[in-house]
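Based on the sequences and whatever the hints tell you, model everything.
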Amino acid sequence: MNREMQIILEVNVQAENFYDKAAQLGDHAAKVLGSRRRSQMTGLENIADSALKKTDIFDYIKRQTGRFPFWRQSYPGDKSQRSSNNAADDKGFGERLLYYLEKDLDEIYLKEICSKDRLNIGNTKEEERYERRRISLLLIRQFIHQMVAAYEFQVSMSNSNNGKKGA
Amino acid sequence: MLSPALNQRLLDLSDNELYNEAVALIRRLVDKEGCSPLPTSQVIGLLNIANAASYSELERFIQHQRERDWPASKRDIKTFYTELEQSFREMRNRRIRSEFHLLSDGLSPVDANREVDEIMAMLAHEFIQHLVAENGVLAAQKADERFKRK
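First to last, the sequence lines map onto chains A and B. The opening residue of the first sequence carries number 1 in this note's numbering; numbering runs sequentially from there. The opening residue of the second sequence carries number 1001 in this note's numbering; numbering runs sequentially from there.
Please keep in mind that the hints were generated in silico from the structure rather than gathered at the bench. Treat the hints loosely; a few may be bogus.
[Claimed, not checked] Between beta-carbon pairs, the in silico distance windows are: (1) B:1047 to A:127: 30 to 36 Å; (2) A:90 to B:1110: 44 to 50 Å; (3) A:36 to B:1094: 49 to 55 Å; (4) A:77 to B:1054: 31 to 37 Å; (5) A:128 to B:1020: 17 to 23 Å.
[What the hints assert, rightly or not] Output of the computed footprint for chain B on chain A, the stretches with three or more beta carbons under 8 Å from beta carbons of chain B: (6) 52 to 61; (7) 66 to 73.
[Stated by the list, open to error] Subject to a maximum C-alpha distance of 20 Å in a straight line, what follows is the list of computed EDC-like cross-link-like pairs (lysine to aspartate or glutamate): (8) A:125 to B:1017; (9) A:103 to B:1021; (10) A:31 to A:152; (11) A:125 to B:1099; (12) A:103 to B:1012; (13) A:103 to A:16; (14) B:1148 to A:90; (15) B:1142 to A:95; (16) A:111 to B:1017; (17) B:1148 to A:95; (18) A:103 to B:1017; (19) A:91 to B:1031; (20) B:1078 to B:1067; (21) A:91 to B:1090; (22) A:111 to B:1012; (23) B:1142 to A:90; (24) A:91 to B:1017; (25) A:125 to B:1118.
For each residue, glycine too, the CB sits at the ideal point set by N, CA and C.
So, in structure tokens, the structure goes:
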């Protein structure tokens, strides 16, 4: 298998591992954005797909968080209903997303992919740092795509439930 | 014109050094030194200059803002530009050469200065983007806190 295929495969393996977290954040997005602010999610996807570096995505999330109160809304409702107890889970949507992308994706999943048992990518040579940056971006893109898919699902479910209630 | 390899290196620096430094600078001013976040008018002015101008023009703008006789209620703006000028001066005079090792070998002093300015334009642009993004979050947090207190 060539190197590029190995990278794609490894990113997909890790994407399985963070799927639940992405789904939780998609649920949070559905709660605070609703169906009328879908453009916030498509905008984020577009930035993630076109960014040359991860901090372009972080800056975008911060700009939206600063600009719109709904990006700063924490998950509404009973805390005990949540499936995880991460310290960031009480935060507003933007801050929670940022925390996950900045911390966990690099510290857990990128580290795992670059480990000796996986792709064995160091952090000293110029090419290695470039490769790490590229994989980090691929992980963020995967995470955001999963999160947006969960958002779409939650929004469509709540729309169809509301339709049934109205019928 | 910067080479593709140097461009890659600058993107790497932006992700791994400048982002954290810009966040740390504005957080220190707001959280530790009690300054207000930079107001929107200043953010827009700074972004416009950083996006469009050469490094020497950006440097002049920062110096001009720092030297202005701000009223007491806007003293934090002076503090901000003083800190920003200091960070950029340190980056231009020392870090580009001896820490980041970005300068090409064997350049004449004139060419070296030109290359330093080109590199600084890009580094300053990245730094300001990161700083302004964090400033927006801090400003919104402050506004939310004020709203809750009312």
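Taking the numbered hints from earlier one at a time, note which ones the structure violates and give those numbers from smallest to largest.
2, 4, 21, 24, 25
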